[in-house]
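Asks: Residue-level listing of the chains:
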Amino acid sequence: MAEVSKLPRRDFLKAAGTAGATGAAMATGLAGCSPTTGTPTSTEANASAAIQPPLVLTPEEEAFFSASVDTIIPADELSPSGTDCGCVTFIDRQLASAWGGGAKTYRAGPFVKGTPEQGYQLPLTPHQFFVAGIQAANEWSRKTYGKPYDALGPAQRAEALTAWEAGKAEFSSFDSRLFFQRLLQITMEGFFADPIHGGNRNKVSWRMLGFPGLPATYADKVDQYRDKPYVVDEPQSIADFS
Amino acid sequence: MATKLKEVDAVMIGMGMTGAMMAKEFTMAGLRVVGLERGPDRRPHEESILPRIRDELRYVQRIELMQDNSVDTIAFRNSSGQTALPIRRWSAFLPGEGVGGTLNHWGGMHWRYLPTDFRIRSVIRERYGASAIPPDMTIEDWPVTYDELEPYYDRFDKMCGAAGKAGNLKGRKIDGGNVFEGPRGDEYPTPPLKSSAGAVLMAEASRSLGFHPFPSPFGASSTPYTNIYGVQLGRCEYCGFCGRNTCEANAKASAPSHIMPVLRGDPRFELRTHAFVSKLIYDRQAKKVTGVLYTDMKTGEEYEQPANIVVLSAYVFGNTHMLLTSGIGQPYDPRTGRGLVGKNYCYQFEAPATAFFENRNLNPFIGAPGDRMVIDDFNGENFDHSGLGFFGGGYIVGGSGAAPPIGGRDVPPGTPAWGSQWKKETVRWYYRAIEFNTQGSVYANRANYLDIDPTYKDSLGRPLLRLTYNGTDNDHAMSRYLLTKVDAIIKAMNPTTYEMRPRPRNFTIVPYQSTHNTGGTMMGTSPGNSVINRYLQAWDASNLFIMGASTFPQQPGYNPTGTVGALAYWAADKILKDYVKRPGPLVQA
Numbered sequence: 001m002a003e004v005s006k007l008p009r010r011d012f013l014k015a016a017g018t019a020g021a022t023g024a025a026m027a028t029g030l031a032g033c034s035p036t037t038g039t040p041t042s043t044e045a046n047a048s049a050a051i052q053p054p055l056v057l058t059p060e061e062e063a064f065f066s067a068s069v070d071t072i073i074p075a076d077e078l079s080p081s082g083t084d085c086g087c088v089t090f091i092d093r094q095l096a097s098a099w100g101g102g103a104k105t106y107r108a109g110p111f112v113k114g115t116p117e118q119g120y121q122l123p124l125t126p127h128q129f130f131v132a133g134i135q136a137a138n139e140w141s142r143k144t145y146g147k148p149y150d151a152l153g154p155a156q157r158a159e160a161l162t163a164w165e166a167g168k169a170e171f172s173s174f175d176s177r178l179f180f181q182r183l184l185q186i187t188m189e190g191f192f193a194d195p196i197h198g199g200n201r202n203k204v205s206w207r208m209l210g211f212p213g214l215p216a217t218y219a220d221k222v223d224q225y226r227d228k229p230y231v232v233d234e235p236q237s238i239a240d241f242s
Numbered sequence: 001m002a003t004k005l006k007e008v009d010a011v012m013i014g015m016g017m018t019g020a021m022m023a024k025e026f027t028m029a030g031l032r033v034v035g036l037e038r039g040p041d042r043r044p045h046e047e048s049i050l051p052r053i054r055d056e057l058r059y060v061q062r063i064e065l066m067q068d069n070s071v072d073t074i075a076f077r078n079s080s081g082q083t084a085l086p087i088r089r090w091s092a093f094l095p096g097e098g099v100g101g102t103l104n105h106w107g108g109m110h111w112r113y114l115p116t117d118f119r120i121r122s123v124i125r126e127r128y129g130a131s132a133i134p135p136d137m138t139i140e141d142w143p144v145t146y147d148e149l150e151p152y153y154d155r156f157d158k159m160c161g162a163a164g165k166a167g168n169l170k171g172r173k174i175d176g177g178n179v180f181e182g183p184r185g186d187e188y189p190t191p192p193l194k195s196s197a198g199a200v201l202m203a204e205a206s207r208s209l210g211f212h213p214f215p216s217p218f219g220a221s222s223t224p225y226t227n228i229y230g231v232q233l234g235r236c237e238y239c240g241f242c243g244r245n246t247c248e249a250n251a252k253a254s255a256p257s258h259i260m261p262v263l264r265g266d267p268r269f270e271l272r273t274h275a276f277v278s279k280l281i282y283d284r285q286a287k288k289v290t291g292v293l294y295t296d297m298k299t300g301e302e303y304e305q306p307a308n309i310v311v312l313s314a315y316v317f318g319n320t321h322m323l324l325t326s327g328i329g330q331p332y333d334p335r336t337g338r339g340l341v342g343k344n345y346c347y348q349f350e351a352p353a354t355a356f357f358e359n360r361n362l363n364p365f366i367g368a369p370g371d372r373m374v375i376d377d378f379n380g381e382n383f384d385h386s387g388l389g390f391f392g393g394g395y396i397v398g399g400s401g402a403a404p405p406i407g408g409r410d411v412p413p414g415t416p417a418w419g420s421q422w423k424k425e426t427v428r429w430y431y432r433a434i435e436f437n438t439q440g441s442v443y444a445n446r447a448n449y450l451d452i453d454p455t456y457k458d459s460l461g462r463p464l465l466r467l468t469y470n471g472t473d474n475d476h477a478m479s480r481y482l483l484t485k486v487d488a489i490i491k492a493m494n495p496t497t498y499e500m501r502p503r504p505r506n507f508t509i510v511p512y513q514s515t516h517n518t519g520g521t522m523m524g525t526s527p528g529n530s531v532i533n534r535y536l537q538a539w540d541a542s543n544l545f546i547m548g549a550s551t552f553p554q555q556p557g558y559n560p561t562g563t564v565g566a567l568a569y570w571a572a573d574k575i576l577k578d579y580v581k582r583p584g585p586l587v588q589a
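Protein chains in written order, with our numbering: chain A, 1 to 242; chain B, 1 to 589.
A hint or two may mislead.
Straight-line alpha carbon distances no greater than 25 angstroms define the calculated DSS-like cross-link-like pairs of lysine-lysine that follow [what the hints assert, rightly or not]:
| hint | chain 1 | residue 1 | chain 2 | residue 2 |
| --- | --- | --- | --- | --- |
| 1 | A | Lys-104 | B | Lys-287 |
| 2 | B | Lys-287 | B | Lys-491 |
| 3 | A | Lys-221 | B | Lys-165 |
| 4 | A | Lys-113 | B | Lys-457 |
| 5 | B | Lys-574 | A | Lys-104 |
| 6 | B | Lys-457 | B | Lys-158 |
| 7 | B | Lys-491 | A | Lys-228 |
FYI, nobody ran anything at the bench for these hints, they're computed from the structure.
Turn these sequences into a full structure, and let the hints steer you where they fit.
Replies: Put into structure tokens, the structure is as follows:
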């Protein structure tokens, strides 16, 4: 236990240390470490990366996702916040993707609620689902706390998420528990997916776990590392490997 | 009006593993074959390559290789009193799409059924009495024996380059292999995979309890190997991405990597992708299928492809659906028990467990499903069921590895799902989980079946197939029994903490459980008890042969692929030896 938790921390610090030298990481990992300092980046590439506008998210949706992913993945000694890890960028791209538009799903009616065993039966695509869900969540938040979710403090944000998770929040014509489950899922995907999708900036979650990434060719390493930690200095992502 | 094409010797409906196997065997015998595939081509040198193949989001979470539900899906309900609703995106099971089909993304668990599995109805009656089988348990003997299939199991092993350790070589029991298995004619083509740390611990604990652990048989080559078609295979790299992906190492068996390289260039073979077969053209008088009707999904145009031999090699659902929508055979009616198409639908009854070990370093990203250890002591009729209150069983498998980060982060029960505490626990346990699974059998029940849905339609306007299924009391009791054995093994491993995950009372369509759907076009000894005969030939259409797990009378406690492969080679052999010379029924009704 001690061994492994030390390892990602060391890697993380190392990554943060090199971030100043490698521009792209500056806007991600290091900025995430100390969001309040807001060190301006010097190169144009960094500036454009930092202000890249969302593909589909509205300002309200962006604020909502930022607040919720920071509650699900708070900044602490193990990682920067969800937003600083790129989770909102990830979600924006996913909702703009073919998947977000409901590709490969059966979308014909009639639409019947069905039993829990029959799975998802709403006519909404993933993008439409989050648009409607955020409106319902913010409406509930205004009713409960007098302000939208993103305007709540950390304690109230966590309290609200807990209520949704338990299905104890009454959203108007929306299932708060289902909304929470999908929000949690897409946030985790953004945190742990290959950085090529816009989240997991600077491979921060892979460093945290000790996940080495690519190429994952281990046939000659199985015996050597049986019950011994397999350590890499730098996890490799798809972009690193290309 | 469909354009009528020139007749061919044989047409394959679906170019998954069995479609490709049959096409290869037929063309080697000189037949002219057309392979119709609803999905796209799959080109390993373009798609199964690093780094793109290691995209967990795309392949594992967004299930890139699976059938497009907007084109076709099935409707589902737990019982016949309910209204079935469409599966809008696959989850509990994942049928594949494109050349190679579902075998493109299999986990590679490569099993043979027990000799007793093939005559299970008789064995239970012999051992426990003529009235031992409950009236609603509609299990049947298979019309083929283990000994008859053995040479074809062997051929399938050598097409796959399978890895494993024999436990019964021509009747001689061998320690370290599966001593419960039927006699094998030959060793596995390649040695078993090296065991993960978790598997080693599981095996030690199992041995201490008097069980008989052995390395999991695996449908991938552990060393470079040249298969029966002369295709050079690579070796498994323990990448951990098997379950929903193809294999960049050219090691895990699939049609695109193991058969297509030598079938593609054959002038006797033609592949047509995006060809969605909507119907078999059935001549009821002649008891023959004269050809198939298909829509070219690139143009929308419809074609009729006449053929002397029609091989129905879609997934389990597609096979059954095709018979029902083409009017071949009598649809099953659960109220009367009459009719056979759609009868004896079975699933796999898997229940997992996870154990956590504070002081281990299990490197969860290193591994393949084949690096696990297994015990078969509680499968099928390997143990005495007297007084247990159920029939059936399953193998128990354990090991660590093959856990990519989005989907493979187990934490002990009671851990929060988010927040700083969740993160801490995730990091704490990521290297420290050992997974167990029970591959439980499903013994057919008269209430579980496939038929046509009255409401929902597919993209060609055909009514959807409807699945009515729930876990039975028998299968729940079987599963609970297997979990008591898992519990004993885990306790003997002395974990920090662990979690058993028994199946919920009702089958649910989420989350993922198993892609082992079986039945619907079951094989048997006569037209009175089955849809097809022992050579997979339809009783009602002598030139129609049906491949895959839809032919199973019920599902034993193993993964179905080995038997799917053996049955295909067994049928191909009979067709080429006898049927092509004297077309007509191979078994007299």
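Asks: Does each hint hold? Answer for all of them.
Replies: Right, here's what the structure says about each hint:
Of the pairs offered as hints, the one joining Lys-104/A and Lys-287/B is violated, with about 37 angstroms between alpha carbons and a cut-off of 25 angstroms exceeded. Annotation: proposed proximity of Lys-287/B to Lys-491/B is violated, straight-line Cα distance about 59 angstroms (limit 25 angstroms). Restraint check: the Cα-Cα separation between Lys-221/A and Lys-165/B comes to about 21 angstroms, which is no more than 25 angstroms; the hinted pair holds. Of the supplied pair hints, the one linking Lys-113/A and Lys-457/B holds, its CA atoms being roughly 18 angstroms apart against a limit of 25 angstroms.
Our distance criterion of 25 angstroms between C-alpha atoms is broken by Lys-574/B and Lys-104/A, whose separation comes to about 39 angstroms. For the suggested pair Lys-457/B and Lys-158/B, the alpha carbons sit about 41 angstroms apart, so the restraint of at most 25 angstroms is broken. Proximity of Lys-491/B to Lys-228/A is assessed by CA-CA distance (about 23 angstroms); at most 25 angstroms being required, the pair is judged to hold.
In this structure, the earlier hints numbered 1, 2, 5, 6 are contradicted, and the remaining ones agree with it.
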